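Chains as they are written, first to last, in the working numbering: chain G, 1 to 307; chain S, 308 to 640.
Read the hints as simulated data drawn from the structure, not as lab findings.
Given the structure is predicted, the values throughout are model-derived calculations rather than measurements.
For each residue, glycine too, the CB sits at the ideal point set by N, CA and C.
Be careful, since some hints might not be right.
Taking lysine-lysine and the PhoX-like style, the derived pairs with C-alpha atoms no more than 20 Å apart in a straight line are [claimed, not checked]: (1) S:Lys528 x S:Lys487; (2) G:Lys182 x S:Lys555; (3) G:Lys182 x G:Lys236; (4) G:Lys182 x S:Lys487; (5) S:Lys414 x S:Lys366; (6) G:Lys233 x S:Lys487; (7) G:Lys233 x G:Lys182.
The following residues of chain S were derived to be distant from chain G, with all beta-carbon distances above 10 Å [what the hints assert, rightly or not]: (8) Val370; (9) Asp396; (10) Glu400; (11) Ala418; (12) His420; (13) Pro423; (14) Asp506; (15) Glu525; (16) Glu535; (17) Asp558; (18) Val600; (19) Asp611; (20) Ala639.
Sample of chain S residues at the chain G side, in silico, Cβ under 8 Å [said to hold, decoys possible]: (21) Glu479; (22) Glu480; (23) Ala539; (24) Gln577; (25) Ser578; (26) Ala582; (27) Ala584; (28) His585; (29) His588; (30) Arg593; (31) Ala596; (32) Ala597; (33) Arg601; (34) Gln605; (35) Trp616; (36) Phe617.
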Amino acid sequence: MRIGQWGGVAALIVCATLSPAAQQFKSGTVGVRVDVLVTNGQQLVRGLQASDFELRDEGVLQALTQVDVEEIPLNLILVFDTSGSMAGQRLQSLLEASRSLLDGLRPRDRVALLSFSTRVRLLAPLTSSRQQIRGALATLTAHGATSLRDAAFAGLALREADPGRTLLLIFSDGADTSSWLKAPAVLESARRTDAVVYGIGIAVAQYSTTVLRSPNGAGTRREVMWMVRDAGKFLKSLTEETGGRVLFANSNQDLRATFIQTLSEFRERYVLSYSPTGVSATGWHQISVKLKTKAGTVTARRGYFAE
Amino acid sequence: MLLCHGTAAWPQGPPGSYGEAIDLFRAGQDDLAVKKLAAVTTYEVQQGRETLFTAFASKQREVSERAAATMRAAVLVHTERAFAAIARDNQREFRDQLAFAESYVDKLVAADHRSPFARTWRVLVLAFFHEGRMVLAATQFARRAHDAGGDSAEFLLALGVTEEMAWWIHHEEDEDPGMKGDLKDAERHYRQALILSPDLVEARVRLGHVLLLRDDVEGMKILAQVGERADASDRYLASLFEGEALEKRGDLAEAERRYAAAVSLIPTAQSAYLALAHVRHARGARAEAAEDVRSTAQASGVGDISDPWFLYSRGTASRGPSYLAEARRMIAP
Numbered sequence: 001m002r003i004g005q006w007g008g009v010a011a012l013i014v015c016a017t018l019s020p021a022a023q024q025f026k027s028g029t030v031g032v033r034v035d036v037l038v039t040n041g042q043q044l045v046r047g048l049q050a051s052d053f054e055l056r057d058e059g060v061l062q063a064l065t066q067v068d069v070e071e072i073p074l075n076l077i078l079v080f081d082t083s084g085s086m087a088g089q090r091l092q093s094l095l096e097a098s099r100s101l102l103d104g105l106r107p108r109d110r111v112a113l114l115s116f117s118t119r120v121r122l123l124a125p126l127t128s129s130r131q132q133i134r135g136a137l138a139t140l141t142a143h144g145a146t147s148l149r150d151a152a153f154a155g156l157a158l159r160e161a162d163p164g165r166t167l168l169l170i171f172s173d174g175a176d177t178s179s180w181l182k183a184p185a186v187l188e189s190a191r192r193t194d195a196v197v198y199g200i201g202i203a204v205a206q207y208s209t210t211v212l213r214s215p216n217g218a219g220t221r222r223e224v225m226w227m228v229r230d231a232g233k234f235l236k237s238l239t240e241e242t243g244g245r246v247l248f249a250n251s252n253q254d255l256r257a258t259f260i261q262t263l264s265e266f267r268e269r270y271v272l273s274y275s276p277t278g279v280s281a282t283g284w285h286q287i288s289v290k291l292k293t294k295a296g297t298v299t300a301r302r303g304y305f306a307e
Numbered sequence: 308m309l310l311c312h313g314t315a316a317w318p319q320g321p322p323g324s325y326g327e328a329i330d331l332f333r334a335g336q337d338d339l340a341v342k343k344l345a346a347v348t349t350y351e352v353q354q355g356r357e358t359l360f361t362a363f364a365s366k367q368r369e370v371s372e373r374a375a376a377t378m379r380a381a382v383l384v385h386t387e388r389a390f391a392a393i394a395r396d397n398q399r400e401f402r403d404q405l406a407f408a409e410s411y412v413d414k415l416v417a418a419d420h421r422s423p424f425a426r427t428w429r430v431l432v433l434a435f436f437h438e439g440r441m442v443l444a445a446t447q448f449a450r451r452a453h454d455a456g457g458d459s460a461e462f463l464l465a466l467g468v469t470e471e472m473a474w475w476i477h478h479e480e481d482e483d484p485g486m487k488g489d490l491k492d493a494e495r496h497y498r499q500a501l502i503l504s505p506d507l508v509e510a511r512v513r514l515g516h517v518l519l520l521r522d523d524v525e526g527m528k529i530l531a532q533v534g535e536r537a538d539a540s541d542r543y544l545a546s547l548f549e550g551e552a553l554e555k556r557g558d559l560a561e562a563e564r565r566y567a568a569a570v571s572l573i574p575t576a577q578s579a580y581l582a583l584a585h586v587r588h589a590r591g592a593r594a595e596a597a598e599d600v601r602s603t604a605q606a607s608g609v610g611d612i613s614d615p616w617f618l619y620s621r622g623t624a625s626r627g628p629s630y631l632a633e634a635r636r637m638i639a640p
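The shape of chain S in the complex, shown without the other chains (with noise of 0.2 Å):
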């Protein structure tokens, strides 16, 4: 069936290992199709590639769709691949891995500058990028797909976001991320998307973050905007954003109620449970702060990702999951 589905794709010439590759991914067989890439020459996915270039340029249309299909599904096999390569730290296949799936996206995004799966995949990559938090090798493609023209909200958020990351990995963390980041970059991102997007959430309390590490008050006028129609997420993280900065202002009665109201918000999330744990700390309520962190430290059966600022910390890594959703309804045949 595989292998009918791979010949309907396959105008010309043999698929080989290479199409099988792909058939499985298509198939959804993921970590298959990226076993069997490995086994697969550079010099088959050479040949394949032309092979499927020559398709994609025919005039007939439907041949030409079905290649453009089957270069789509390559892409994202490919993609997957050098993910993969990144997790074994092999730095140089996933450098031909990913080389491979944007010179595909290049043919594609040629004959269509505004490629829907090319704006998608380009977000695709960069939540990848920031989950690894690889802010730097992030930067790079974003300066390539940014060339290509891929400013679409969400890829002008995942830029902002790429700043941001490196920022406070500089800055907050011991690492050295190769990059120091530059807020007023974030800021000036986020304000672009949400010129295109102006519902896009994340963009708006993203930037309201970005100002107030900055120490510009606008940040809370921003944070303001995010209001009771945004998800409980959004709200969690405009309050301990707003606390942070009150806190950071000497106000910590305020900077206790906005904590207090995350915690509200989420009371399974344990970041706004620290903060509060924090400034009660600090303003010398001892016996409440040690209650505050027994409260959060001993609930049981409570994920990572309860914690919006956990999602936050991770970029755009979130999205990747309904980016590559979005990827694979674009690679049928």
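Excised from the complex, chain G in its bound form (with noise of 0.2 Å):
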């Protein structure tokens, strides 16, 4: 099998030319890069080794190597909603909490800045500059109408050919109303890519009333209320397509925390890699990846395409 033959997707693909980061996770075979998250509960689980797992290509099982995450550089492609209704404290929230998740990255980390209302806008292309990125949050201002299937797929094709780790984190706070493109076909570039996509939304607080009986039957009326927590279908699809989730933020305040803890998630991830053998060299691949015995769930992205 060629390197060519897995070139769509996914991870692959790292020649003995690239970094020495790149190197490291050659193994000596060309592969698929699997990007893999694993929790019990609310908690991350840490320490796993590749023996932990399990992974089929098309149902056949693959024997893996662990790459170590630390040695890989992050494309970090921010996609920020700025839409109408980002307008006043939301999109002031949103600026604070880029500039601290800027401050999380390490030097060699790249970053790339879309905005969407009506039309997606590339402010910043990928770049080590954490000072243009900055420059270009300054920019950001909020009106007109939600496209976020559009800037999600440019987001998708704006991933590299190169052997860093693609993180896609969307911000959106409302459903689309503008996008030219469909979900399907964002859905099916997303198979194509191996960005991992994770989506931030806030919850919104709801409100009700409700009756409280005491023993004697006598009632008291009490305002309850409660979060919903509502990515939309869209969003949730693209973030379980690609091995992301989707995580909320309580508040506009709450959003600097929210994009911290999404980048160190990131960096908790798993990425396993492997020489598909007994698939076949094209077409769409299915992948399930599970632990052997230890518990957790894993949360990976649900296969390639290999072109």
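With the hints as a guide, bring the two chains together.
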């Protein structure tokens, strides 16, 4: 099997001519790379080895190698909603959260900034210059409709053919109202890259009044509040497809912590690599990843395209 | 000056604040008129309306015509206030104001079944509804207007658009618009609109689109009829929809050509660029796809309305200003 045969996806592929970091996970073979999150309840499960995992490609068990996450540079593509509903404090909180996120990056990590309202705008291509990103963030203003699907596709398409891990961090506070691209089209594009998508939303407080009854039957009216965490079908599907997930901030002020949590969670993921054997060289490959014996829930992309 | 104006239009009874609000609207001061109307009580509106209805029924032609003109102005100021209330999510105020406007229109239509003002107002209201993506309210309104005999080609276009928008929101967006929308109904309305007005290019483009959404290949023939004489926006949309149909069929090379044609028609529009990038991404041309995304997403100084798809997705909203201007020409006393 040649490198080019697996060129579409995910994962791939790293040649000896790339950076020393890339060589780390070459492990003498060319293959597919799968980014995996393991949780137990709300807790991340740390300290696992490749031997703890069982990965099947089209149902065929594969021999795994674990890649040292620390050695792989991060390509962080920020995709931010700047539609009209973001005006005011929410946008300010987004900017503050983004600046904190930048502070948490390592020197060789790169960042790009896309904003979307009615149009998608690339405010900064992938760069290691934090100054450039800070300058681009300062230009954000809120107005217009919400082209979430178009923006998600743009972010996926910008994933470059380099050995870095790509995290697409999409923040949106509303449903799509103006995209051209339909959800299945964007999900299909997601299957053709190895970017992991994290969606970040804001939980919305809902109130209702309920009557609490005491044992003697007397009723007391109480206002009840609960938080609705609904990212919408598209963002949920996109994150599930790519092995990411949706996290919610409970308020505008909570965004900073949610952003930092996202970055830290991404760094705690496992990167498994394998050279596919016993499977076809082209087309869609369904993969399943689970733990052999240890407890935990594994979240990983659903498959990849071999081209 | 406004008062003199108002006095002439109000043949009986004191105009009061209600009359002033209408006069402000006539003078082109819409915001002030809407604010003024907000301070008028429902009772005052009802009284003023009765006065106008009495004058409208006068056997003196001049008195009746002046009252009719004032009623038309009242319709517009109530309509603007209704949609201003919606922007503040005040549903009750919206319903009340629209009901006042409709009561005037009903009276005008009772006297003139083919009232040009009523026809224009109906499509104006539907354009407002489309702007707010209020497809259920638009459908309910359209049903009443249809019963009152409002079937102009543009009205039929707006009916089709309402169904198409509802279908789109229900199927393609994470929202419940309160109705599913029926593409067959949309098709029927567009075909009827084209019978009344064969040159209504938007109806042809939309007919082609809804047919393709239903996988009916006749859509390609309809879009091919849009032709070179149509403006760039309509040709852009026709190419975009053709490309999508071809892509759905798996003919990526031809789809790419159609998208590229759309891009060359309006290079500042984004939808065709992204469609082009998507089809290239799907056939493995990642670098080209990324370049397409960069080309469109890095363009500076490009406004939202440069994309015909964006205007299309807003239904007939972009026709609203011309409908309003047309209705305004009919409110002079």
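Should the interface hint for Arg593 of chain S be scored as holding, given a Cβ-Cβ cut-off of 8 Å against chain G? Hint holds; Arg593 of chain S Cβ to chain G Cβ min 7 Å, cut 8 Å.
*Are Lys528 of chain S and Lys487 of chain S close enough, with their CA atoms no more than 20 Å apart?*
violated (27 Å)
- Query: Are Ser578 of chain S and chain G close enough, Cβ to Cβ, to be under 8 Å, as the hint says?
  - Reply: holds (4 Å)
Is the nearest Cβ of chain G still more than 10 Å from the Cβ of Asp506 of chain S?
For Asp506 of chain S, whose nearest Cβ neighbour in chain G is about 27 Å away, the distance exceeds 10 Å, so it holds.
Item to check | Given as non-interface: Pro423 of chain S, which should sit over 10 Å from chain G by C-beta | outcome: holds (33 Å)
Say whether it holds or is violated: Asp558 of chain S keeps its Cβ farther than 10 Å from all Cβ of chain G.
Label holds. Min Cβ-Cβ 15 Å, cutoff 10 Å.
**Message:** Given Phe617 of chain S as an interface hint, is its Cβ closer than 8 Å to any Cβ of chain G?
**Reply:** Holds. Min distance 6 Å.
Q. Holds or violated: Gln577 of chain S as interface residue toward chain G, Cβ cutoff 8 Å?
A. holds (5 Å)
Exercise. Taking the shortest Cβ-to-Cβ distance between Val600 of chain S and chain G, state whether it exceeds 10 Å.
Key: violated (5 Å)
Q) With a cut-off of 8 Å, does the beta carbon of Ala584 of chain S approach a beta carbon of chain G closely enough for the hint to hold? A) Ala584 of chain S check passes; min Cβ-Cβ to chain G is 6 Å, inside 8 Å.
Interface-negative label, Glu400 of chain S against chain G, beta-carbon threshold 10 Å
About 22 Å separates Glu400 of chain S from the closest Cβ of chain G, which puts it past 10 Å; holds.
Does Glu479 of chain S pass the interface check with chain G, least Cβ-Cβ distance below 8 Å? holds (6 Å)
Checked against the numbered hints above, the structure violates hints 1, 18, 19 and 23; every other hint is satisfied.
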